[in-house]
Amino acid sequence: MSISETIPAGATSPTPAVVKEPRRKRFRGGRKWRALRTNRAAMVSLAFLVLLVLVAVFGSLLMTHDPNAQALGDRLQGPSGEHWLGTDGYGRDVFSRLVDATQVVVLAIVQAMTLAAVAGIPLGLLAGLVGGPVDAVLSRIAEALLALPPLILALAVVGVLGPGLTNAMIAVGLLLAPRLFRIARSEAQAVSGESYIEACRSVGCSNFRLLWRHVLPNASSALMIQITFGAGIIIIVEASLSFLGLGVESPQASWGSMLQDAFQNVSTSPSFMIVPTVAIVLTVLALSTFGDGMRDAFEGRGANG
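Counting along the sequence shown from 1, when you hit position 35 you're at 35 in full-length UniProt numbering, and nothing is skipped either side.
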């Protein structure tokens, strides 16, 4: 009997089995994001942060005056129809400078967090997945950077590179990179021994493919939470550097430089310190509250913690 006679009519001949890459564990974010939406404090904080970004994007349409235009005859005026939040010690419109400073803050977060993420996350994932000498060397470098006092390191970097927003954010990015490195390394180590990772290695997956398709999705929750908290650190450090004159260059406005200008006139007009202080406090509080909400939702603790 021939082989063709043993195969029923209309049936196809058997094909060799193909070894496929094991399906990775998917990041099931739908349930977690639904849990986050039930947290009212987190949603209010998110709305505030979205409003902040919109103010930064469309700031030029909201400004009522040139934020850097001086009018010494109108210095230290209170709120009025022409100057909604008054004028500072140089007669500049405080509201317009607040909007301009919001753009600087958002740009600072983007610059510093991009540097921290690019430097910290890939190296952390690689160290956690590969281990061995690579992990040892990278971990020692991260620990050395974490051991340095944050503000002193920032002052040293700005002192070498010179004042300016970009240079200041390079310093802040270097401060945050080891923190993202440790989170990424820890998450990579947690999944590196899983059976599906071993199965992927057995079918010839490269380390890059493992990191991109299997490890990073599992580490995304913890990394997003850390990035949220890191943004608050960026705001505080940038404001501190600008207050000391090492951040944005005059006459560019930032919340820290506005606070420094108000501090020079604190004896005559102490109320002008309120606007930049409230902006810093509310933004950091919103980032912290939203980060707490994400942590509760992603770790399954619910909206009430």
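Calculated from the structure, these hints are not laboratory results.
Please note: incorrect hints may appear among the correct ones.
[Claimed, not checked] Mimicking EDC-like on lysine to aspartate or glutamate, the simulated pairs with C-alpha atoms at most 16 Å apart in a straight line are: (1) K32 with D292; (2) K32 with E299; (3) K32 with E249.
[To be verified] Listed next, with one range per pair, are the computed distances between beta-carbon atoms: (4) R209 with A136: 21 to 29 Å; (5) G164 with G204: 23 to 31 Å; (6) S271 with E249: 47 to 55 Å; (7) A190 with S80: 26 to 34 Å; (8) A147 with V110: 24 to 32 Å.
C-beta atoms are modelled at their ideal positions from N, C-alpha and C, and glycine is treated no differently.
Consistency of the hints with the structure:
no.: 1; hint: K32 with D292; verdict: holds, 13 Å
no.: 2; hint: K32 with E299; verdict: holds, 8 Å
no.: 3; hint: K32 with E249; verdict: violated, 42 Å
no.: 4; hint: R209 with A136: 21 to 29 Å; verdict: holds, 24 Å
no.: 5; hint: G164 with G204: 23 to 31 Å; verdict: violated, 48 Å
no.: 6; hint: S271 with E249: 47 to 55 Å; verdict: violated, 27 Å
no.: 7; hint: A190 with S80: 26 to 34 Å; verdict: violated, 58 Å
no.: 8; hint: A147 with V110: 24 to 32 Å; verdict: holds, 27 Å
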